[in-house]
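A.B. asks: Each chain, letter by letter, is given below.
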Amino acid sequence: MFILDDIILSPIKGIFSLAKVINDRVQEELYNPEKIQEDLMQLQLKFELDQISEEEYDALEEDLLARLSESKKRMRSNPE
Amino acid sequence: MNRKLYLYGVVNATEDKSFGPIGMSTDGPPNEILLKTFEGLGVVFTDKDLGDEDEIPATRKNLINHQKVIEAVMVDHTILPFSFGTAVDTEQQIVDVINERRDEFVSTIEKIDGKVELSLKIMWEKMDAVFANILEENIQVRAKKDYLAANNIQDQNEKIELGRLVEEALVEKKEDMIDIVIDKLQPLALDMKVQKNITEAMFANVAFFVSKSEEAQFDQAVNELSEHELLKDNTIFKYVGPIAPFNFI
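Chains as they are written, first to last, in this note's numbering: chain S, 1 to 80; chain F, 1001 to 1249.
Just chain S, same shape as in the assembly:
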């Protein structure tokens, strides 16, 4: 019986764990402070080269800074 359970459940477990791995990677990328800093520098450069408007800049900057602040909080609550 447990063999059957395994067969029935394993692909689902597989999918779940895969989804978790992907989600972890995405979270890592999204809240990696170095990556965010680099994105900020790229964004500033775009603005300085007139490739985006000030409104666009401000909106994107706000999003990046919010993530940066969140990433610092995560590091404080979960230091490695």
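To be clear, the hints were calculated from the coordinates, so they are not data collected in a lab. Do not rely on the hints blindly, as some may be mistaken.
[Claimed, not checked] Some but not every residue of chain S turned toward chain F, in silico, with C-beta under 8 Å: (1) M41; (2) Q42; (3) L45; (4) L49; (5) Q51; (6) E61; (7) L65.
[To be verified] Distance ranges between label pairs, derived from CB positions: (8) E1229(F) <-> R76(S): 46 to 56 Å; (9) E1071(F) <-> N23(S): 43 to 53 Å; (10) Y1239(F) <-> K46(S): 14 to 24 Å; (11) P1187(F) <-> N23(S): 44 to 54 Å; (12) E56(S) <-> I1182(F): 31 to 41 Å.
Beta carbons are placed, not taken as given, at the ideal position from N, Cα and C, and that holds for glycine.
Once you have looked at the hints, place chain F on chain S.
C.D. replies: Frame of chain S, contents of chain F only:
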């Protein structure tokens, strides 16, 4: 009230003074910038109410203001600049930091006295032109491309291989370009820091530590560089300075 003493840097000074209301103005009038001295060393700071925030957000506007305040201080002082976001809670903490690290502050100020940082970023304006040039001039890339075209090869792996060759050629091209920049400017600098290229189009991102007495010559050299045969077309120069030598302390 969520009061913080926001710090800009340490200077050689014997008298307290105010630089006036030239600080950040996120929530009302600009903050007043003060210099408070402790036996020959002074701290440039402002008294800021952060309200609900944990910290001052590192927005472009705030970063520019941080830089502007430091520039204003640089007119009359040599400042050991602090990076954006350095803050303490009480004046006693300032006194403690000064006392603990006095020797280090004094020797660093001595080291940067009479010197400035100049930052140069150079990037290509249009990458299409750069890739076209690689396809035309790089022997390996051209051979591969011609071979694929002549035999009408549509194989995905072959195309990936061509892409890889182009990528390699781009890295080489960037190295050639930065060598030209460094050969020209390094002799005029006391020190330099080659930093990461932050975009695909960027091939030089360098901070130079330069004597004030060499600054005019350095400017001239950057000008000449922008006329260099391989640098005069399809490039954007972002030359910024003089700023406080953040990268050399």
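A.B. asks: Compare the structure with each hint and give your call.
C.D. replies: Results for each hint:
1. Residue-level restraint check for M41(S) holds (minimum Cβ-Cβ distance to chain F is 5 Å; threshold 8 Å).
2. For Q42(S), the suggested interface contact is upheld, since its CB lies about 5 Å from the closest CB of chain F, less than 8 Å.
3. Taking 8 Å as the C-beta cut-off, the interface hint given for L45(S) holds, the closest approach to chain F being about 7 Å.
4. The criterion of a C-beta within 8 Å of any C-beta in chain F is met by L49(S), whose closest approach is roughly 7 Å, and the hint holds.
5. Interface restraint check for Q51(S): the shortest CB-CB distance to chain F comes to about 11 Å, outside 8 Å, so the restraint is violated.
6. Checking E61(S) against chain F by beta carbon gives a least distance of about 6 Å; that is within 8 Å, so the hint holds.
7. Interface hint status for L65(S): upheld, as the beta-carbon distance to the closest one in chain F is roughly 5 Å, under 8 Å.
8. Range check, E1229(F) to R76(S): Cβ separation about 52 Å, and the 46 to 56 Å hint holds.
9. Range check, E1071(F) to N23(S): Cβ separation about 45 Å, and the 43 to 53 Å hint holds.
10. Distance hint for Y1239(F) and K46(S): a CB-CB separation of about 18 Å, consistent with the stated range 14 to 24 Å.
11. Taken as a hint, the range 44 to 54 Å holds for the pair P1187(F) and N23(S), whose Cβ atoms sit roughly 52 Å apart.
12. At roughly 35 Å, the beta carbons of E56(S) and I1182(F) sit within the given window of 31 to 41 Å.
The structure shown violates just one earlier hint, number 5.
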